[in-house]
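Between the sequences and the hints, there should be enough to build the whole structure, so can you do that?
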Amino acid sequence: MRLTNFSDYALRMLMYAASAGDRLITIEETARTFGVSKTHLNKVANTLTRSGYLKAIRGRSGGLVLGLRPEMIRIGDVIRLTEPDFAVVECFATGNQCVLTHSCKLSSMFGEAMASFQSVLDRYTLADVTLTPQDFLGRLPPPQPSGLARSGA
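Counted the way the numbering used here counts, the sequence shown spans residues 1236 to 1388.
Rather than coming from a laboratory, the hints here were simulated on the basis of the structure. Because the structure is a prediction, the values reported are computed rather than measured. Mixed in with the good hints there might be a few duds.
To be verified - Label pairs and their in silico Cβ distance ranges:
{"no.": "1", "residue 1": "1339", "residue 2": "1277", "range": "40 to 48 Å"}
{"no.": "2", "residue 1": "1355", "residue 2": "1273", "range": "40 to 48 Å"}
{"no.": "3", "residue 1": "1369", "residue 2": "1321", "range": "30 to 38 Å"}
{"no.": "4", "residue 1": "1368", "residue 2": "1344", "range": "38 to 46 Å"}
{"no.": "5", "residue 1": "1277", "residue 2": "1312", "range": "20 to 28 Å"}
{"no.": "6", "residue 1": "1237", "residue 2": "1363", "range": "45 to 53 Å"}
{"no.": "7", "residue 1": "1358", "residue 2": "1240", "range": "20 to 28 Å"}
{"no.": "8", "residue 1": "1348", "residue 2": "1281", "range": "27 to 35 Å"}
Idealized CB from N, CA, C, for every residue including glycine.
Structural data, given as structure tokens:
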């Protein structure tokens, strides 16, 4: 199973807003920080704002700030909001056409796995994964080519 980029960006945007505290963040600054599309982040911010996770402040000096305290934002709730479905196998999806559906034993196993996945995410809040502003500043240096060794004195 793989989460969509939309969910990934939603979590990153919430983490970034949490690290900023009361300071307003902008979509432009967030897009630069993560090297992602501003257009895509606009959609993410819109979803998070409509759901109350972010609060939009309009105007020239406007921006975004958390709409709830970090300890009130469950990661599982955010994922359920941002994922279109959890159809990890065809029989979970609308329009299922699998001929094994009525006798297959995989669906109950995958159902149990998905319930466990969501249960684990529900145990964590944004407060558990909040970083410091400095964590967003640095990027890792490019990896050294494998054949080159650093010279030391």
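Hint by hint, which ones does this structure get wrong, listed from lowest number up?
2 and 6
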